[in-house]
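Asks: We have chain A already, so just place chain B on it with the hints.
Residue numbers (my numbering), protein chains in the order written: chain A, 1 to 158; chain B, 159 to 307.
Hints were generated in silico from the structure; no laboratory data involved.
Take these hints with a grain of salt, some might be off.
Here's a subset of chain A near chain B, in silico, CB distances under 7 Å, partners left out [unchecked claim]: (1) E25; (2) P60; (3) G72; (4) L75; (5) D85; (6) H91; (7) D95; (8) C103; (9) V107; (10) T109.
Over the 10 Å line for every Cβ pair with chain A, so calculated as not near, a few chain B residues [as the list claims (entries may be wrong)]: (11) V166; (12) V168; (13) G225.
Beta carbons: idealized from backbone N, C-alpha and C, even for Gly.
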Amino acid sequence: MADKSKLGFEFPPYSIRVEQNKIAEFAAAVAQKDDTDSIRDIYRDVEAARAAGFENIPVPPTFPTSFVFWTGGGLMGTVDGVGADVSKLLHSEEDYEFFAPICAGDVLTRKMKVVDMYDRGRKERKGWFVQVTVLETEVTNQRGELVMRARTTFLERE
Amino acid sequence: MTLRFDDVQVGDAIPPYTSLPITRTQLVRYAGASGDFNPLHHDETFARAIGLETVIAHGMFIMGIAGEAVTAWIDNKCLRRFSAHFLGMTQPVDLHDVEKTQARATITVTGKVVAKYEENGEKRIRCEIVAHDGQGSRKLTGFFVAALP
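Only chain B is shown next, with the shape it has when bound in the complex:
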């Protein structure tokens, strides 16, 4: 069902979206899909050499998850702008200790409509979003603009 401009009000929440716990395998898959082979995201020895405990997720992987959250609610075709400011690093789940580490690796994206307006002959909405992990640590804040029918 296509979301319509008249169906949306300022202050409305966008449907929350929660990821699966991010694994190292998913980081490798994202690296291969995106071409971002910064070793920081898959090579434990490199991560330690620069002072981190372990590898961290690509900021763009977290933004990609946020993109999933956004386009689960509005059609991909409606998106006019999508912007993110990266805050915290995200460590993947440790498979030998899932219970203690899955919360840090699970991303929830929430957001709300902050403006409705006309621009370039289109009816547009602006929404602010935030992504945080299962421990409440913020990973990114951002916004998107969508043109709705």
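Only chain A is shown next, with the shape it has when bound in the complex:
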């Protein structure tokens, strides 16, 4: 089970550059397209993105979660960081607050910490006991602006 002494733990900060092709690939994945020519134009065409009010090609709303997967040891880096067992984990909630656009070419820094850990259910009832871990990730851009905050809740089954 997750290690409760990790409550308050701050992971080291990691930086990542937002790549245009990676945005297109993600946009194709969530739109269930087989190629990046048929995705929405703001995700592949700089002119269309500018016409929509962005400085460059923006990211789809749920793209920022990938910053955690591509840095700091990826999924296992996070799971090991809280002492959890990946085979018992379920993603329970995801909550994004957006403060400013994230666009291709941005260099972002993510800072993640463990903000809550608690038990839910009763141990004596098998299948009804889970340990809840809440991670908060703040992402800033190359200008030092806070661009988004994510709260990720996962459950670890016994």
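Replies: Quick look at chain B alone, frame taken from chain A:
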């Protein structure tokens, strides 16, 4: 056409959005795009080892589909908050038995406007959404907040 604050009323439905049946290939594509390589989403042997019948879709893939539904209606730039609570697991379609399995793998996102208000000097709407499969099983509930002109 840009949606305007005055065009929206509390109780209005957001346009429903229905996905294609989710395939295992799409799960692999989402894994590669997002970097989420939890084997639960592509490795049948791992899924069975932890007691599941087969691989399941990433919750974040379903939320990504919901994000498509939301940004088909409001501009990406207007989104201020987007939140989801994951409920049921989603099994992909079996290609040797599409007829019997496509409903479980097809996601429809619906929602409605629940509030209009001003915050941080912006005109904002709050909408509740729900995603369910073709059998009526709920996959996620959530909400988003958008600032409209």
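Asks: Now look at each hint and say whether the structure bears it out.
Replies: Structure-based check of all given hints:
Because the closest C-beta pair between A:E25 and chain B is about 5 Å apart, less than 7 Å, the hint holds. Hint on A:P60 holds. Least Cβ distance to chain B is approximately 6 Å, under the 7 Å limit. At a threshold of 7 Å, the smallest CB-CB gap from A:G72 to chain B is about 11 Å, leaving the interface hint violated. The beta carbon of A:L75 is positioned within 7 Å of a beta carbon in chain B (closest approach about 6 Å), and the interface hint is therefore held.
This hint is violated: A:D85 has a C-beta 10 Å from the nearest C-beta of chain B, more than the 7 Å allowed. Nearest Cβ of chain B to the Cβ of A:H91: about 4 Å, under the 7 Å cut. The hint holds. With 7 Å as the threshold, the beta carbon of A:D95 comes within range of chain B, its nearest partner Cβ sitting at about 4 Å, so the hint holds. Proximity of A:C103 to chain B is violated relative to the hint, the smallest CB-CB distance being about 11 Å (cut-off 7 Å).
A cut of 7 Å between beta carbons decides the hint on A:V107: the least distance to chain B is about 17 Å, and the hint is violated. With a cut of 7 Å, the hint placing A:T109 at the interface with chain B is violated, because the nearest CB-to-CB distance is about 17 Å. With a cut of 10 Å on Cβ distances, B:V166 stays outside the contact zone with chain A, its closest approach being about 19 Å. Non-interface status of B:V168 relative to chain A is upheld: no Cβ of that chain comes within 10 Å, the nearest being about 22 Å off.
The claim that B:G225 is not at the interface with chain A is violated, since a C-beta of that chain comes within 10 Å of its own (minimum 4 Å).
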